[in-house]
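Trainee: Throw the hints in and build the complete structure from the sequences for me.
There are 2 protein chains.
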Amino acid sequence: MTTNRMLVLAERPTAEVTDACFELRTEPVPDTAPAGQLVVRTCWLGFEPAMRGWLNDLPSYTPPVAIGEVMRAWGVGQVVSSSHPEFDEGSLVHARLGWQEYAVVDPAADEVLAVPADLTSPMLMLSACGLTGLTAYFGMTRIGRPIEGDTVLVTAAAGATGSVAGQIARALGARRVIGTAGTPEKRAWVRDVAGFDDCLDHYDDGIRRALRRAAPDGIDVVFDNVGGSLLDAALFNVANGGRIVLCGSISTGYRPERPEVGLHYYQLLTSRSARMEGFIVSKFADEYTDARRQLQQWVTDGQLRVEHDVLHDLAAAPAGLRRLFEGGNQGKQLLQLAEPH
Amino acid sequence: MTTNRMLVLAERPTAEVTDACFELRTEPVPDTAPAGQLVVRTCWLGFEPAMRGWLNDLPSYTPPVAIGEVMRAWGVGQVVSSSHPEFDEGSLVHARLGWQEYAVVDPAADEVLAVPADLTSPMLMLSACGLTGLTAYFGMTRIGRPIEGDTVLVTAAAGATGSVAGQIARALGARRVIGTAGTPEKRAWVRDVAGFDDCLDHYDDGIRRALRRAAPDGIDVVFDNVGGSLLDAALFNVANGGRIVLCGSISTGYRPERPEVGLHYYQLLTSRSARMEGFIVSKFADEYTDARRQLQQWVTDGQLRVEHDVLHDLAAAPAGLRRLFEGGNQGKQLLQLAEPH
Numbered sequence: 000m001t002t003n004r005m006l007v008l009a010e011r012p013t014a015e016v017t018d019a020c021f022e023l024r025t026e027p028v029p030d031t032a033p034a035g036q037l038v039v040r041t042c043w044l045g046f047e048p049a050m051r052g053w054l055n056d057l058p059s060y061t062p063p064v065a066i067g068e069v070m071r072a073w074g075v076g077q078v079v080s081s082s083h084p085e086f087d088e089g090s091l092v093h094a095r096l097g098w099q100e101y102a103v104v105d106p107a108a109d110e111v112l113a114v115p116a117d118l119t120s121p122m123l124m125l126s127a128c129g130l131t132g133l134t135a136y137f138g139m140t141r142i143g144r145p146i147e148g149d150t151v152l153v154t155a156a157a158g159a160t161g162s163v164a165g166q167i168a169r170a171l172g173a174r175r176v177i178g179t180a181g182t183p184e185k186r187a188w189v190r191d192v193a194g195f196d197d198c199l200d201h202y203d204d205g206i207r208r209a210l211r212r213a214a215p216d217g218i219d220v221v222f223d224n225v226g227g228s229l230l231d232a233a234l235f236n237v238a239n240g241g242r243i244v245l246c247g248s249i250s251t252g253y254r255p256e257r258p259e260v261g262l263h264y265y266q267l268l269t270s271r272s273a274r275m276e277g278f279i280v281s282k283f284a285d286e287y288t289d290a291r292r293q294l295q296q297w298v299t300d301g302q303l304r305v306e307h308d309v310l311h312d313l314a315a316a317p318a319g320l321r322r323l324f325e326g327g328n329q330g331k332q333l334l335q336l337a338e339p340h
Numbered sequence: 000m001t002t003n004r005m006l007v008l009a010e011r012p013t014a015e016v017t018d019a020c021f022e023l024r025t026e027p028v029p030d031t032a033p034a035g036q037l038v039v040r041t042c043w044l045g046f047e048p049a050m051r052g053w054l055n056d057l058p059s060y061t062p063p064v065a066i067g068e069v070m071r072a073w074g075v076g077q078v079v080s081s082s083h084p085e086f087d088e089g090s091l092v093h094a095r096l097g098w099q100e101y102a103v104v105d106p107a108a109d110e111v112l113a114v115p116a117d118l119t120s121p122m123l124m125l126s127a128c129g130l131t132g133l134t135a136y137f138g139m140t141r142i143g144r145p146i147e148g149d150t151v152l153v154t155a156a157a158g159a160t161g162s163v164a165g166q167i168a169r170a171l172g173a174r175r176v177i178g179t180a181g182t183p184e185k186r187a188w189v190r191d192v193a194g195f196d197d198c199l200d201h202y203d204d205g206i207r208r209a210l211r212r213a214a215p216d217g218i219d220v221v222f223d224n225v226g227g228s229l230l231d232a233a234l235f236n237v238a239n240g241g242r243i244v245l246c247g248s249i250s251t252g253y254r255p256e257r258p259e260v261g262l263h264y265y266q267l268l269t270s271r272s273a274r275m276e277g278f279i280v281s282k283f284a285d286e287y288t289d290a291r292r293q294l295q296q297w298v299t300d301g302q303l304r305v306e307h308d309v310l311h312d313l314a315a316a317p318a319g320l321r322r323l324f325e326g327g328n329q330g331k332q333l334l335q336l337a338e339p340h
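Chains A and X, in that order, are what the protein sequence lines are.
With numbering that gives the first Met the number 0 applied, the first sequence corresponds to residues 0 to 340, in that order.
With numbering that gives the first Met the number 0 applied, the second sequence corresponds to residues 0 to 340, in that order.
If you are wondering where the hints come from, they were derived from the structure by calculation, not from laboratory data.
Treat the hints loosely; a few may be bogus.
Examples of chain A residues toward chain X, derived with CB under 8 angstroms [stated by the list, open to error]:
hint, residue
1, S270
2, R271
3, M275
Quick caveat, the model's predicted, so the values are computed rather than measured.
Built from N, CA and C at the ideal position, the CB exists for glycine as well.
Mentor: Structure, rendered in structure tokens:
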């Protein structure tokens, strides 16, 4: 009999996510999936900033993870036992697997998707062709809507979402794509690999002026993953008719306390007839298939460069989540637990 | 020979607009208008919060008023001499007349408009059927876009723009229209005359919770004239898919220094797929005629109630502007200098 190892929430973090917030439990894996369900062996788990929000005991668009519950996470795994007609044993699926080596999932409830056969790597299902890439895609194409000649700013441009968002803007004809990132290595990657025109230091105290120099005619589209004072500096530099896409706010740490840094330049939205808009990617769920196909095409064409930052061992999962907030990851943070065969 | 009395900018205000910021000058009025121009006798001048911004020596979408220049203002006056084929002597016009008893205006440069014959009072050209009403109209119909069943919040609802905005929302089918205002008299007017369902005290420290009680399902459309902590409280209560129209920010006094109160709840725009958008009414200039007709129709039908707060004497002009920021006016602030005949 195979044993499943899982990390369950033991106590809610007050600030930083520590290893002690989770507890390792083991239990046997069923040999055969219950009727209508699947037993899936986790291959890769993905990490998103929103997961930090699920650890807060606060109402949101996703309910919090309960104490004693396996930490919720999206992953890609291989079906080891199937009692569902649409999923064959051996096939790869994307599902809400959680921080565990094996998951029993119900396609009717756990948003199970077959990994499309045309995907060049299953890991893309957790990055450029998964919810991360779809978030960048819909945020940029439906809210930011860069047109030819536009100047686009993407904050946290070395991140999984930001790097895709900036490359999409370029593919759509933006004249100038500027990023921000926290370390020299990341900035070099954003410029040299992801092909942004420029990448600024988002911890620079003079970022407001640096942005003015980098975009003297103003910024037409801001795709923001950071929030706080960096978003305020971007607001200060927004062009007439500009669009600010609120995707995330990593600077606030997704913590329950009221964020300390407020936006001061919002009045400029009035004098510049500009707009700031947030969105939840699931709003566009009906269009995922087409969007995923477009994203894969860009990857295949080399217009969309993707990097994965892969940790190993279930015990590293809390560190994987922490790395997002410490700026430790370069590209999409993943945790590999098994190799599909 | 007639003498013109005018108020010119003597020194820029640092905070509050004082009488000493302006200087009275006199000069003769030409008997005959120069070629292509008009001599207009000022009947009413209007006051808008944006005028405070013109006193700051800062670049904006409208250049600042220069030291020694007549204070810029929109007004309605009667043509006393015309050298322009489209404007007859004796007719009423709306133009950038400035703080003066007579103005020589050039229809090609000073945005001169004939007061439409179907207007039930020329004063409406400075309130519900003028730029104030047009601002409410386009902000509400193009950005806020309330639909049947929506809950709408208008801040500074006793103000010239806010009162029109709320009544338009009602005319468009909003289920519940809530206002905020600063005094019991204004709140009574907003409820009893302008017909809002409720009007809250916008100086109430517990406004965030008061709004939650007044709109337990969230606010679909916010039409904001105030900014600062009141806007933040409205943001906190925005519904899924909500639209926040940024029209003005009277709480910041339109002063050059960075506003002290930042927005903290902007992250909620993301989780609620909501939008905050500013605009400048001149963007819709091509559609003014139709909009004005609709506004007059609502006034005639009794669906749009308008109040004018009329001062007299040119020397009261600085006080007229101050009143907007002190909350002293009830309805559209005007200054009457002459009666048309």
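Trainee: Look at each hint and say if it fits the structure.
Mentor: Here is how each hint holds up against the structure:
1. Of the supplied interface hints, the one on S270 (chain A) holds, with its beta-carbon coming within about 5 angstroms of a beta-carbon of chain X, less than 8 angstroms.
2. Nearest Cβ of chain X to the Cβ of R271 (chain A): about 7 angstroms, under the 8 angstroms cut. The hint holds.
3. Against a cut-off of 8 angstroms between C-beta atoms, the interface hint on M275 (chain A) holds, since the closest Cβ of chain X lies about 5 angstroms away.
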